[in-house]
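Visitor: Construct the entire structure; sequences and hints are all you get.
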Amino acid sequence: MPDDTSDQDLASSETSQAVKAGYEVLARKYRPTDFSSLIGQDVMVRTLTNAFDSGRLAHAFVLTGVRGVGKTTTARIIAKALNCVGPGGDGGATIEPCGQCEFCTSIAADRLVDVLEMDAASRTGVDDVRELIEGVRYKPVSARYKVYIIDEVHMLSRNAFNALLKTLEEPPAHVKFIFATTEIRKVPVTVLSRCQRFDLRRVEVATLSAHFTMIADKEGAKLTSEAIALIARAADGSVRDGQSLLDQTIATGAGAELNDADVREILGLADRERSFDLLELTMQGDAAGALAMMGEDYANGADPIIVLRDLLDVVHWLTRVKVTPAVADDVTNPESDRVRGANLAGQLPMASLSRAWQMLLKGLQEAQMAPSPIQAAEMILVRLAYLSDLPSPADAVKSLQTGGAGSVPSGGPASAPNTGGRPTVKAVAAVGGVPQHAPQTGAETALQKQVAQPELRNFEQVIALLDQKNERILRTGLVNNVHLVNFQPGKIELRLVTGAASDIPQRLYKFLNEHTDTRWSVALAKEGGDQTLAQQEGARKEALHAKVVAHPLMQSVMETFPDAEIETIRVLNDDGPTAETLDAFPDADTEENT
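If you want this note's numbering, it's the position in the sequence shown, counting the first as 1, plus 14.
Heads up, a few of these hints could be off.
To be verified - Derived pair list, reagent style DMTMM-like, types lysine to aspartate or glutamate, alpha-carbon separation capped at 25 Å:
| id | residue 1 | residue 2 |
| --- | --- | --- |
| 1 | K555 | D481 |
| 2 | K43 | E148 |
| 3 | K376 | E279 |
| 4 | K376 | E392 |
| 5 | K236 | E218 |
| 6 | K236 | E287 |
| 7 | K200 | E166 |
| 8 | K200 | D255 |
| 9 | K376 | E310 |
| 10 | K561 | E581 |
| 11 | K555 | D577 |
| 12 | K555 | E579 |
| 13 | K524 | D481 |
Calculated directly from the structure, the hints in this document are not laboratory data.
Guide: Have a look at this one:
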C-alpha cells in the first residue's frame, strides 16, 4: 500500500511539472474554434452563413484586416466548415462544424494532409507557388475539399502571383483557396477580382472588454472593470494583442486584485489623468509647471514619445467631445475621461484644440528624429504654453485692422517665439490699382468681361470676341504665342513665338472675316512686337503682389507671422470682394476703392 501511495505522489508531481512546462498562452488557449466563438465579425459570419445555407460557396476567399482580428483563425474555421462530416460521419458542409469528427479534430491539430497552410512571408517565390499548383491537380486524400490557406499573401512576388492567376481563375471543383493579408493594397487587382473579399473589422472596446472579462473569470484572475477596459483600449481593436496584454497582467498580479493603476504600471502605459493635467497646464500657459511634470514622468521611466502620443489622444478626445457632446455620456468610456473631457472641452475653443493638434503632430515627428527626445518634448510643451497667449491669424488681422497699421496683437509681442505652424493669409485686400505698364494692357479675366463691339478697335476686343464665340484653341494660341506688332481696324500685324502653330494667322483671318462686317488682313512679321498677353499678365501679377507686400498692413501681418505666405489676393470694390483672385485686373473705376 505505501508503494501505491508513493507511485501516486510521483505521478502527481510529474503531471504538475508537465502542466507547468506545457503552459498555453491565452491567445492560443482561447482561440475560436467555430464561428459562434469568433467575436466582432458579425457581417462576415452572416454572409458566410447565407453562402453555406444556399450552397453558393466561392472557390477563393481573401481575408484582410489588422493584426490579431482573426484572419488565420477564420481561414481554419472555414476549412473545418467545408470538410465537416458531423459526429455520425454522414453530414455535409455546414457553417457550424461539429468539432468532433475526424476532419474537425485533424484540422484543429494541424495534421490533415488535405488542408495545406503556407506562410507567404517565408515562401515568396514562383517555385513555391508552382509546387502548390502541382498539388492542385490531385483530389483530396480523405476530405471533401483540398483547402490551401496562404497567410500574408501580399508577400508573394509578382511572378508568383502571375503563376497563380490561371489556377485561381478556374480551379478544380475539389479545391478552395483562402488568402489572409494585412496589406490588401499590395495584392494585385487581378487576384482580388477572382476572390470573395472579407474585411475583418477592429473589435470594439466594449466587445473586447466583455471577452476579456470572460477569460479573466475562467482563469480565476481578479481585475476591476476599469483595468479590463484599459487593456481593451490598449489592444487597439486586436483580440490577440489584448489577450497577450491580459496574459502579462495576470502573470504579474499573481492572484491579487488589480485595478487600472496597476495595469498602467505593469504595461508601461501613461497615466491618463496626468495626460489631462499636462495638457491643461500647457493650455493655461504654465510652461514651468508643464516642464516640471514632464521631468517627473521622465524620471519615473516615461517615454517622451509616448507622452506626446497620449497628449495627441487627449486632444482628439476633447475635440470629439466638443463636436459631439453625446460621446461624453457613453458609459463604455472611463468615468475620468468623460468628466475631465467634458470640463476641459468646455474651456478650450475649437481653434485652440485644432492648433494644439497640429503642433503636437508636427512635434511628434520632430521628437522621433531628434537626438534627445526629452529635449524635443520639452520644447514642444513650451510652444504649446506660448500658444495659449497667441491670437489666431484671423484675430491678429482683425486686431491690426482696428488698431492701425503696425499695431501689436494683445495676445503677445510680435517677437514671440514661432509656434511651429505656418499660418497662411487666405485673402488680403489689394490697396490701389496696378498701372498699365505694358503696351497691350488687360488680363484674361478682364478680357472675358469685355463685350464684343460691332467694330473691333483693339486686340483685346478680338480676344473677347473669340471668347464669345467659344473659339478656345485659337484664343489660347493668340494669348500665349503671338507678339502683336501693329493693330489697326481691318489690319493686324503679328509675330509668332518659336514653336507656335504656323496656321494661327490664317485661322485668325478666317475668323475675323466670318464674324465681323469689316474686311480684315493679317500679316506676319519677322521681328518686333509687344510681349505676349500671357507675359503681360505675369508681369501684372508680380506688380500686384509687390504692391500688396509693400502695404503697411501686410508688413504688420508678416512681422506678426514671419512664416506666413500670401496665398490669394482679391480685388475689392464698393460691393466687397469680387470673384477675381490674383489673376484679376483692377478696372479703372474700382482702382481707388481697392
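Visitor: Work down the list of hints and note, for each, if the structure agrees.
Guide: A quick look at each hint next to the structure:
1. With a C-alpha separation of about 22 Å, the suggested pairing of K555 with D481 holds against the 25 Å cut-off.
2. About 35 Å separates the Cα atoms of K43 and E148, which puts this hinted pair outside 25 Å; it is violated.
3. Taking the CA atoms of K376 and E279, the gap is about 28 Å. The hint is violated against a cut of 25 Å.
4. With a C-alpha separation of about 14 Å, the suggested pair K376 and E392 falls inside the 25 Å cut-off, and the hint holds.
5. Distance restraint check for K236 and E218: the Cα-Cα separation of roughly 22 Å lies within the 25 Å cut-off, and the hinted pair is therefore satisfied.
6. Between K236 and E287 the alpha-carbon distance is near 23 Å, which keeps this suggested pair within the 25 Å criterion.
7. Straight-line distance between C-alpha atoms of K200 and E166 comes to about 10 Å, which keeps the hinted pair within the 25 Å bound.
8. With a C-alpha separation of about 24 Å, the suggested pair K200 and D255 falls inside the 25 Å cut-off, and the hint holds.
9. Of the pairs offered as hints, the one joining K376 and E310 holds, with about 24 Å between alpha carbons and a cut-off of 25 Å not exceeded.
10. The suggested pairing of K561 with E581 holds, with an alpha-carbon distance near 15 Å, which does not exceed 25 Å.
11. As the CA atoms of K555 and D577 are separated by approximately 22 Å, the hinted pair is consistent with the 25 Å bound.
12. Proximity of K555 to E579 is assessed by CA-CA distance (about 16 Å); at most 25 Å being required, the pair is judged to hold.
13. With a C-alpha separation of about 16 Å, the suggested pairing of K524 with D481 holds against the 25 Å cut-off.
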